[in-house]
Amino acid sequence: MRNVRFFGGIPATKSKYGSHYGEKIFEIGNERFREWVPWRSKLSAVLVKGYEIEFYGNEKVLYLGAASGTTVSHLADILDEGIIYAVEYSAKPFKKLLELAKERENIIPVFADASKPWGYSGIVEKVDLIYQDIAQKNQVEILTSNSEFFLKDGGKFLIMVKAKSIDSTLESSEVFSKVLEELSKRFIILKKGTLEPYHKDHMFVFGVRE
Amino acid sequence: MQKLSYNLWFGKFNGEVEVSKDLKQSFKSARNDAPLQFNVSEIGLKIFGNNYYNLLRKIAIDVAEEKVEKELKSDDKYVIVLVKALEQLDEAINALKEKKEDLELVRETEIQEEFANTLEKLERLRLRIEDEIASVMEKIAPNLTEIAGVKIGAKLIERFGSLENLAKAPASKIQIIGAERSLYRALAKIRKGKEAKVPKHGIIFAHGFIRNLPKHKRGKMARFLAAKISIASKIDFFRGELEEGLYESLKNRFERLRRA
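Here the protein sequences line up with chains A and B, keeping their order. Per the numbering used here, residue 1033 is the first one in the first sequence, and the count goes up by one each step. Per the numbering used here, residue 12 is the first one in the second sequence, and the count goes up by one each step.
Isolated chain A, as found in the complex (with noise of 0.2 Å):
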């Protein structure tokens, strides 16, 4: 992937920029590093458990669930010459995107829910790539709407499901098939894992959009 390289098994991302939430920061030659620790972010799981999702670095990218921004910075690093748009929805952890969207060009910080994807349709353009991280109950429907207002044809999406967060009472398998069948009605799934033992009872999905 671009602009990332494994350190033991362990991804880092090329990085000209500081420690965001504590990750390690080291030089190799005259490159500098930032360690992606998969237990604090699901994409950086994903890449560990050995599955490729390439990245050509100038991708438009909309990121629902941004939180305080840890995958959204690694995210930054590896799109260098894109644009990041980050939802976030919870004040506390945006005032920690925010710090992260003042020091970086391509992080466009939106505070909105992203569950109303029309609140801010006049601020997100087409984009390449949905990447959603949203533990509520209707996070399929939330990709299914913000992909018809932003994903351009034979765009792509990568969401972290969790399975908990859908259903607490089913098993976590029978959630994700469950889903699995929802998204196929409307995307291409080109990839899907669970991320074990990084994040428990969750899955990634990664597909296109027809």
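One or more hints might be untrue.
[Said to hold, decoys possible] Only pairs whose alpha carbons sit at most 30 Å apart, straight line, appear in this in silico DSSO-like list of lysine-lysine:
{"#": "1", "chain 1": "A", "residue 1": "Lys1134", "chain 2": "B", "residue 2": "Lys132"}
{"#": "2", "chain 1": "B", "residue 1": "Lys95", "chain 2": "B", "residue 2": "Lys23"}
{"#": "3", "chain 1": "A", "residue 1": "Lys1169", "chain 2": "B", "residue 2": "Lys150"}
{"#": "4", "chain 1": "A", "residue 1": "Lys1169", "chain 2": "B", "residue 2": "Lys208"}
{"#": "5", "chain 1": "B", "residue 1": "Lys231", "chain 2": "A", "residue 2": "Lys1196"}
{"#": "6", "chain 1": "B", "residue 1": "Lys81", "chain 2": "B", "residue 2": "Lys32"}
{"#": "7", "chain 1": "B", "residue 1": "Lys88", "chain 2": "A", "residue 2": "Lys1148"}
{"#": "8", "chain 1": "A", "residue 1": "Lys1196", "chain 2": "B", "residue 2": "Lys179"}
{"#": "9", "chain 1": "B", "residue 1": "Lys88", "chain 2": "B", "residue 2": "Lys245"}
{"#": "10", "chain 1": "A", "residue 1": "Lys1224", "chain 2": "A", "residue 2": "Lys1046"}
{"#": "11", "chain 1": "B", "residue 1": "Lys226", "chain 2": "A", "residue 2": "Lys1134"}
{"#": "12", "chain 1": "B", "residue 1": "Lys57", "chain 2": "A", "residue 2": "Lys1148"}
{"#": "13", "chain 1": "B", "residue 1": "Lys57", "chain 2": "B", "residue 2": "Lys179"}
{"#": "14", "chain 1": "B", "residue 1": "Lys162", "chain 2": "B", "residue 2": "Lys203"}
{"#": "15", "chain 1": "A", "residue 1": "Lys1148", "chain 2": "B", "residue 2": "Lys200"}
{"#": "16", "chain 1": "B", "residue 1": "Lys23", "chain 2": "A", "residue 2": "Lys1169"}
{"#": "17", "chain 1": "B", "residue 1": "Lys150", "chain 2": "B", "residue 2": "Lys262"}
{"#": "18", "chain 1": "A", "residue 1": "Lys1224", "chain 2": "B", "residue 2": "Lys150"}
{"#": "19", "chain 1": "B", "residue 1": "Lys39", "chain 2": "B", "residue 2": "Lys150"}
{"#": "20", "chain 1": "B", "residue 1": "Lys262", "chain 2": "B", "residue 2": "Lys162"}
{"#": "21", "chain 1": "A", "residue 1": "Lys1056", "chain 2": "B", "residue 2": "Lys245"}
{"#": "22", "chain 1": "B", "residue 1": "Lys162", "chain 2": "A", "residue 2": "Lys1158"}
{"#": "23", "chain 1": "B", "residue 1": "Lys111", "chain 2": "A", "residue 2": "Lys1169"}
{"#": "24", "chain 1": "B", "residue 1": "Lys88", "chain 2": "B", "residue 2": "Lys78"}
{"#": "25", "chain 1": "B", "residue 1": "Lys95", "chain 2": "B", "residue 2": "Lys111"}
{"#": "26", "chain 1": "B", "residue 1": "Lys88", "chain 2": "B", "residue 2": "Lys132"}
{"#": "27", "chain 1": "B", "residue 1": "Lys81", "chain 2": "A", "residue 2": "Lys1127"}
{"#": "28", "chain 1": "B", "residue 1": "Lys95", "chain 2": "B", "residue 2": "Lys69"}
{"#": "29", "chain 1": "A", "residue 1": "Lys1056", "chain 2": "A", "residue 2": "Lys1224"}
{"#": "30", "chain 1": "A", "residue 1": "Lys1224", "chain 2": "A", "residue 2": "Lys1081"}
{"#": "31", "chain 1": "B", "residue 1": "Lys32", "chain 2": "A", "residue 2": "Lys1196"}
{"#": "32", "chain 1": "B", "residue 1": "Lys226", "chain 2": "B", "residue 2": "Lys262"}
{"#": "33", "chain 1": "A", "residue 1": "Lys1196", "chain 2": "B", "residue 2": "Lys23"}
{"#": "34", "chain 1": "A", "residue 1": "Lys1081", "chain 2": "B", "residue 2": "Lys262"}
{"#": "35", "chain 1": "A", "residue 1": "Lys1046", "chain 2": "A", "residue 2": "Lys1169"}
{"#": "36", "chain 1": "A", "residue 1": "Lys1127", "chain 2": "B", "residue 2": "Lys208"}
{"#": "37", "chain 1": "B", "residue 1": "Lys32", "chain 2": "B", "residue 2": "Lys84"}
{"#": "38", "chain 1": "B", "residue 1": "Lys245", "chain 2": "A", "residue 2": "Lys1169"}
Source of the hints: derived by calculation from the structure; they are not laboratory data. A quick note: this is a predicted structure, and the numbers were derived from the prediction, not measured.
Following the hints, complete the assembly by docking chain B onto the known chain A.
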């Protein structure tokens, strides 16, 4: 035919662009009911050129900063007011229901119908308030909401006066809040040298994990739940992000106690 007009962050667009004089204002009102049939950035790039993203980012940061500050100030106060309103409403609805039934027993009148309609309206209002509490709680205290549930979580914030107070409170206080009367009664007895039972739980008794245990196991669960609530509210107040695994440990404890 009327031309469609779109609200964009830098102004209005209806075939032609009308750039707003107040970009912060237009950014805040950039909502459109349906997906746009064009790409905002394409139009914006034509107007602002290479400066488009710089400008957008600057406005986005300014607007977000302003909104975040405002939210942080007022959100738990909002929950508190709503919880109080809900409690009042519950009392009123119950009382009115009784009167309605009294009325029905005496005579069938038109008033009775109006009575029923009004009650129904109040019940709808009640649901609205409940939904609103749930959505604000989810936002300001995701961990507390996951651990304690919306109702108990919101009540705790209300009783402690703010999320901050709750976050700074000891778990033991969280465990018995809502049972002060029986606590003080028990303490008074103990002071006189008599034996007394101190309450095991107050507000948190309503939690399914406590209620669904046999009586002699509830104390253990209440202590554990209060400790987890204490941790959850601390994370909510100081960090604000959902912490994975917190709920899991609570559930495991419940399952173990239930089987033991």
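How the hints compare with the structure:
no. : hint                  : in the structure
1   : A/Lys1134 x B/Lys132  : 47 Å, violated
2   : B/Lys95 x B/Lys23     : 42 Å, violated
3   : A/Lys1169 x B/Lys150  : 14 Å, holds
4   : A/Lys1169 x B/Lys208  : 41 Å, violated
5   : B/Lys231 x A/Lys1196  : 25 Å, holds
6   : B/Lys81 x B/Lys32     : 24 Å, holds
7   : B/Lys88 x A/Lys1148   : 24 Å, holds
8   : A/Lys1196 x B/Lys179  : 28 Å, holds
9   : B/Lys88 x B/Lys245    : 17 Å, holds
10  : A/Lys1224 x A/Lys1046 : 26 Å, holds
11  : B/Lys226 x A/Lys1134  : 54 Å, violated
12  : B/Lys57 x A/Lys1148   : 28 Å, holds
13  : B/Lys57 x B/Lys179    : 53 Å, violated
14  : B/Lys162 x B/Lys203   : 37 Å, violated
15  : A/Lys1148 x B/Lys200  : 56 Å, violated
16  : B/Lys23 x A/Lys1169   : 35 Å, violated
17  : B/Lys150 x B/Lys262   : 22 Å, holds
18  : A/Lys1224 x B/Lys150  : 29 Å, holds
19  : B/Lys39 x B/Lys150    : 20 Å, holds
20  : B/Lys262 x B/Lys162   : 18 Å, holds
21  : A/Lys1056 x B/Lys245  : 25 Å, holds
22  : B/Lys162 x A/Lys1158  : 39 Å, violated
23  : B/Lys111 x A/Lys1169  : 38 Å, violated
24  : B/Lys88 x B/Lys78     : 16 Å, holds
25  : B/Lys95 x B/Lys111    : 24 Å, holds
26  : B/Lys88 x B/Lys132    : 26 Å, holds
27  : B/Lys81 x A/Lys1127   : 12 Å, holds
28  : B/Lys95 x B/Lys69     : 40 Å, violated
29  : A/Lys1056 x A/Lys1224 : 29 Å, holds
30  : A/Lys1224 x A/Lys1081 : 11 Å, holds
31  : B/Lys32 x A/Lys1196   : 46 Å, violated
32  : B/Lys226 x B/Lys262   : 18 Å, holds
33  : A/Lys1196 x B/Lys23   : 42 Å, violated
34  : A/Lys1081 x B/Lys262  : 28 Å, holds
35  : A/Lys1046 x A/Lys1169 : 35 Å, violated
36  : A/Lys1127 x B/Lys208  : 46 Å, violated
37  : B/Lys32 x B/Lys84     : 29 Å, holds
38  : B/Lys245 x A/Lys1169  : 24 Å, holds
Violated hints, in rising order: 1, 2, 4, 11, 13, 14, 15, 16, 22, 23, 28, 31, 33, 35 and 36; the structure is consistent with all others.
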